[in-house]
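In the numbering used here, the protein residues as written are 54 to 228.
It cannot be assumed that every hint is accurate.
Quick list of in silico lysine-lysine cross-link-like pairs, BS3-like style, CA-CA up to 30 angstroms [stated by the list, open to error]:
1. K159 - K189
2. K94 - K189
3. K94 - K151
4. K159 - K94
5. K189 - K151
Please keep in mind that the hints were generated in silico from the structure rather than gathered at the bench.
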Amino acid sequence: MITNIESALLVIDVQNGMFHEAYPVYDGEGLLERISGLIQKARACGTPVLYIQHNEDEGLVTNSPDWNIHPMIAPVGGDTIIQKHTADSFHDTNLHMKLVELGIRKVVLVGIQTDICIDATCRRANELGFQVTVVKDCHSTWNQGEQSATQIIEHYNDQFRSFAEILEFSNIEFC
54 MITNIESALL VIDVQNGMFH EAYPVYDGEG LLERISGLIQ KARACGTPVL YIQHNEDEGL
114 VTNSPDWNIH PMIAPVGGDT IIQKHTADSF HDTNLHMKLV ELGIRKVVLV GIQTDICIDA
174 TCRRANELGF QVTVVKDCHS TWNQGEQSAT QIIEHYNDQF RSFAEILEFS NIEFC
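All chains, full assembly: derive it from the sequences and hints.
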């Protein structure tokens, strides 16, 4: 259970381009509903919500419709949006500085893509000394080769246990 005002919710790469009908992220609708619920819980407790938005030359092109944060979980006034260009949300961004400025010691991670951006950000947050919680059922990916998205998510949840607390959506409370 997260119950400290020194916490922040990081919403990573939940952008329109991840939900195309032809090749949507696994359990996209459920993912959006759970993340929306966490955002509501965080805001109700005054917990900062920081959005991480990926920028690419293809796919998530800056200022394109695919690049926009999904409207179901869109930022509101007071939310911070961090722009990134690599898997690690801390690399060449002001995320670390912003978290320190806010007095954050604990980060709760949700978003896309389990095996790339969630993994890289989780590891880096731990290296930087943050207490990390990954919300077990609030990150997702796609089927890859012989592995289903659910297999990949389960595998990474097991790996995350080495340096993060793993909790289900229903067990996250910010106050």
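Pair hint outcome, K159 versus K189 [Cα-Cα no greater than 30 angstroms]: Since the Cα atoms of K159 and K189 sit roughly 16 angstroms apart, the hinted pair holds (cutoff 30 angstroms).
Hinted pair K159 and K94, Cα distance within 30 angstroms: With a Cα-Cα distance of about 16 angstroms, the restraint between K159 and K94 holds, given a limit of 30 angstroms.
Distance restraint between K94 and K151, which requires alpha-carbon spacing of 30 angstroms or less: With Cα atoms ~21 angstroms apart, K94 and K151 stay inside 30 angstroms; holds.
Restraint status (C-alpha distance of K94 to K189 at most 30 angstroms): holds (17 angstroms)
30 angstroms limit on alpha-carbon distance, applied to hinted pair K189 and K151: holds (25 angstroms)
Of the numbered hints stated above, none is contradicted by the structure.
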